[in-house]
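Student: Spelled out, the chains give:
Number of protein chains: 2
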Amino acid sequence: MSAKHPVVIDLKFERREIDAALAGAFAGRIVLRASDPAADLSEARYAVIWRPDPTLFERAPKLEVLFSGGAGVDYILAMPSLPDIPIVRFVDESLTTRMSEWTVLQTLSHLRQVPAYSRQQRDRVWKELSQPEAKDLTVGVMGLGVLGLDTVTKLKVMGFNVVGWSRSRKAIDGVETYNASQLDTFLARTDILIGLLPLTPDTRGIFDAALFSKLRQGGALGKPVFINAGRGGSQVEADVIAALEKGVLGGASLDVFEKEPLPETSPLWQMENVIITPHAASASDVRALFRNSEVQMNAYEAGETLKHVVDRKTGY
Amino acid sequence: MSAKHPVVIDLKFERREIDAALAGAFAGRIVLRASDPAADLSEARYAVIWRPDPTLFERAPKLEVLFSGGAGVDYILAMPSLPDIPIVRFVDESLTTRMSEWTVLQTLSHLRQVPAYSRQQRDRVWKELSQPEAKDLTVGVMGLGVLGLDTVTKLKVMGFNVVGWSRSRKAIDGVETYNASQLDTFLARTDILIGLLPLTPDTRGIFDAALFSKLRQGGALGKPVFINAGRGGSQVEADVIAALEKGVLGGASLDVFEKEPLPETSPLWQMENVIITPHAASASDVRALFRNSEVQMNAYEAGETLKHVVDRKTGY
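These protein sequence lines are chains A and B, in that order. For the first sequence, the numbering used here assigns the number 798 to the initial residue and increments by one for each residue that follows. For the second sequence, the numbering used here assigns the number 798 to the initial residue and increments by one for each residue that follows.
Please note: incorrect hints may appear among the correct ones.
Copies of the same chain look alike in the list, so a pair counts if it works inside one copy or between any two.
Said to hold, decoys possible - Subject to a maximum C-alpha distance of 27 Å in a straight line, what follows is the list of computed BS3-like cross-link-like pairs (lysine-lysine):
| no. | residue 1 | residue 2 |
| --- | --- | --- |
| 1 | LYS1056 | LYS924 |
| 2 | LYS967 | LYS932 |
| 3 | LYS932 | LYS1020 |
| 4 | LYS1020 | LYS809 |
| 5 | LYS859 | LYS967 |
| 6 | LYS801 | LYS924 |
| 7 | LYS953 | LYS801 |
| 8 | LYS1043 | LYS809 |
| 9 | LYS801 | LYS1020 |
| 10 | LYS932 | LYS809 |
| 11 | LYS809 | LYS859 |
| 12 | LYS809 | LYS1056 |
| 13 | LYS924 | LYS809 |
| 14 | LYS953 | LYS1056 |
| 15 | LYS932 | LYS1104 |
| 16 | LYS1056 | LYS932 |
Don't read these hints as lab results, they were simulated from the structure.
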């Protein structure tokens, strides 16, 4: 049996949560904390990271595999001194389920006019609003990875028509899908747009005025709705705001922003029919992260192939 | 072929909606409007009704079948001069789907702490809250008719543990169910309680202080949540308010009330973690109502048995 190599942890999560999850994790391995400036990371072969210190790669020159603490890896790919070693994405049932809780909640909230009913409640107004049902609307999901597929499945169960878009077309049973070149056709059918895209050079700023103007107008909700739980860098926030002001968009649910935390001065906080959450749509379960990376480390040391490795050309 | 007998319409819905739905409905039949005081209803055999005038049965003494415009029929059974003829419940896919949209929306809203995040948004506060996931919670559904079953199925897809309760136990694949005598056991497991009960002598006031006190305390959300989309008469509103004030309940979503519209003076409008909608959880699609009752009238005249007939002993 091969030796169990040391692992370094550099996660900007809550300290208490990491401590609790480390108890019992990585059996037989030396676990080093990058947050300890005295720690000697020189022999570490693995790093489990989320927004790591830029000095990590200097302190740990023998790293062989990076394990990302989140579904997105754009923050790793942007690091200046990134070594040419495999980066493993975090794929986890809990991460996926939580994301779908959020996307289904937001889609239903706009379908069932939650912002309008909240205002009525605040004003003690009893008034039933004219109400389309799920089957009267088409939800377009951009990004058909693990998260996008789960959202598609659950929205279909709730009765929505669902269409899907990804760079290269994916076949999904019972769902019409489109590829990069068919974006306009996809948008023209979409009443509620859900962004679940990774941040790559191709997707940076993809949600802009031009895109919003191509969404279906005059559907059962009157105006289209934009929901984003992918990455803030994919949206041009000034264009989101302008589209809402001009009525190109009728509403939005945003969990991610160009700058996080969302500045207090942003008009988005108080706009009508806009729902804001603080990058909380999904959350990495640290225990699951450690369990998954430990399984992969053991497999890797047994000569097996790593799973969920990022393709640096596509960025995900 | 037998004659097509006249039908009287007495629906307290929006006039415009009824007019639109009547176009093309009840082919070959005389359609009479009870709202027209000059209309001669004496030969009408069928009535499609929602909160009809008390004079209806005097004006239409030859009625053979009543078709209810809503899922609940308590308002019919309470009518003083109700003739002893079959009452047909309105069972419709659209009615069911809309109800599940609302119950899933409300359940997810409490899971994902929507009232707390709304307050944070109002105050421009960026703060992630500690967040259980669906599988950490058990939702208990009281009432396992068509509506309850659809809600159970969809909540399970969303990842919740679901248990069910009905007067006489119903077997549901993959769901633990309880009968009337096992209510306490059912409640002790329940973090989020959903009421989808018909209003009957047995269910009047069933949601009271004693019942709330038996719900599970200290679950993943801390305190239990009460969601009611059945009938307002099933809840003791003073007890709901007291349970929320005392922290026996941590939140509520209410679509139905003892008195509707909910009086402006009710404290429920402004209570923390309480979501109010104006008896709008589901809605009868009038076209579907007319289509369904027309199909049954034709079948009845062809000598077939009526479907979805109310059992007056149980009240549903």
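Student: Check LYS953 against LYS801 for me: Cα-Cα at most 27 Å, and say if that holds within a copy, between copies, both or neither.
Tutor: Answer is neither: 45 Å inside a copy and 40 Å across each miss the 27 Å cutoff.
Student: Have a look at LYS801 and LYS1020 and pick one of within, between, both or neither, based on CA distance no larger than 27 Å.
Tutor: Answer is neither: 57 Å inside a copy and 44 Å across each miss the 27 Å cutoff.
Student: Go through the copies and call it for LYS932 and LYS1104: within, between, both or neither, with a Cα cutoff of 27 Å.
Tutor: For LYS932 and LYS1104, only the inter-copy Cα distance (26 Å) is at most 27 Å; the intra-copy one is 37 Å.
Student: Within, between, both or neither: how does the pair LYS1056, LYS924 come out at a Cα-Cα threshold of 27 Å?
Tutor: Close across copies (15 Å), not inside one copy (38 Å); limit 27 Å.
Student: Regarding LYS809 and LYS1056, is the shortest C-alpha distance of 27 Å or less found within a copy, between copies, in both, or in neither?
Tutor: Classified as within: same-chain Cα gap 17 Å, cross-chain 51 Å, threshold 27 Å.
Student: Regarding LYS809 and LYS859, is the shortest C-alpha distance of 27 Å or less found within a copy, between copies, in both, or in neither?
Tutor: within (22 Å within a copy, 76 Å between copies)
Student: As a check of your reading, is LYS932 near LYS809 (CA-CA no more than 27 Å) within one copy, between copies, both or neither?
Tutor: The answer is between: 26 Å across copies meets 27 Å, while 42 Å in one copy does not.
Student: For LYS932 and LYS1020, with the copy left unspecified, which applies at a CA distance of at most 27 Å: within, between, both, or neither?
Tutor: within (16 Å within a copy, 34 Å between copies)
Student: Within, between, both or neither: how does the pair LYS924, LYS809 come out at a Cα-Cα threshold of 27 Å?
Tutor: Between copies only: 15 Å across chains, 46 Å inside a chain, cut-off 27 Å.
Student: Should LYS1043 paired with LYS809 be assigned to within, between, both, or neither, using CA atoms and 27 Å as the limit?
Tutor: Answer is neither: 39 Å inside a copy and 38 Å across each miss the 27 Å cutoff.
Student: Indicate which option fits the pair LYS967, LYS932 if close means a Cα-Cα distance not exceeding 27 Å: within, between, both or neither.
Tutor: within (23 Å within a copy, 29 Å between copies)
Student: How would you label the pair LYS1056, LYS932 (within, between, both, or neither) given a Cα cut-off of 27 Å?
Tutor: neither (35 Å within a copy, 32 Å between copies)
Of the numbered hints listed earlier, those contradicted by the structure are 4, 5, 6, 7, 8, 9, 14, 16.
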